[in-house]
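Engineer: Using the sequences and the hints, build the whole thing.
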Amino acid sequence: MATPKTKAAAKTAPVAKKTPAKKPAAKAAPKATKPKPVDESLSAKASAKVRDAATQGKERATGALDELSSMVEDVATTLDKKVGAQYGDYARKAASAVSDVADSLKSKDVDDLVADARTFVREKPAVAIGAAAAFGFFLTRLFKAGSNDKA
Numbered sequence: 001m002a003t004p005k006t007k008a009a010a011k012t013a014p015v016a017k018k019t020p021a022k023k024p025a026a027k028a029a030p031k032a033t034k035p036k037p038v039d040e041s042l043s044a045k046a047s048a049k050v051r052d053a054a055t056q057g058k059e060r061a062t063g064a065l066d067e068l069s070s071m072v073e074d075v076a077t078t079l080d081k082k083v084g085a086q087y088g089d090y091a092r093k094a095a096s097a098v099s100d101v102a103d104s105l106k107s108k109d110v111d112d113l114v115a116d117a118r119t120f121v122r123e124k125p126a127v128a129i130g131a132a133a134a135f136g137f138f139l140t141r142l143f144k145a146g147s148n149d150k151a
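In my numbering, the protein residues as written are 1 to 151.
No wet-lab data here; the hints were simulated from the structure. In this text the structure is predicted, and so the values were computed from the model without any measurement. A virtual CB, placed ideally from N, CA and C, is assigned to each residue, including glycine. Careful, some of the hints might be misleading.
Computed cross-link-like contacts, EDC-like style, restricted to lysine to aspartate or glutamate with a CA-CA straight-line distance of at most 20 Å [stated by the list, open to error]:
1. K108 to D80
2. K58 to D89
3. K58 to E123
4. K49 to D109
5. K106 to D80
6. K108 to D74
7. K93 to D109
8. K58 to D103
If you anchor each label on the Cβ, the simulated ranges turn out as follows [said to hold, decoys possible]:
9. L105 to A46: 23 to 31 Å
10. Q56 to T77: 17 to 25 Å
11. Y90 to E67: 14 to 22 Å
Structural biologist: Here is the structure:
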């Protein structure tokens with residue numbers, strides 16, 4: 001190691017200074033743009049169409065549930081005769097449950113059904129996600145089966 005020969009030389013020897021690394025300049029955040037105003041009459045029309053479609057869907061679903069309930073009731077009498085009264089009773093209970101669901105749907109407005117669905121999702125998110133996944137799987141299978149038909 002080299003040492004300066006005199007005290008004066010030691011004082012004047014250059015000392016390397018550590019300089020902090022320069023930080024890259026932060027990019028400026030893009031300016032927030034105001035959303036374009038939506039024509040209220042357009043949103044009202046869209047809302048009315050969605051509400052009408054939901055009401056029609058609710059009516060079709062309740063009609064299908066009523067038909068299913070009556071079909072299961074008919075099967076119950078056949079089960080009584082062929083298999084036994086115990087199995088007929090199971091079918092009647094199932095028909096009653098389906099009929100109760102249909103009556104519940106008939107008595108509620110679309111807004112009430114949406115509120116019930118929101119409450120259910122908040123209270124039981126895992127069940128809601130599972131049901132959505134099962135429904136998506138069912139729809140996918142349904143569309144794939146429909147696309148394979150060559151009629």
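Engineer: Can you give the numbers of the hints that this structure goes against, from lowest to highest?
Structural biologist: As far as the earlier hints go, 1, 2, 3, 5, 6, 7, 10 are violated by this structure, in ascending order.
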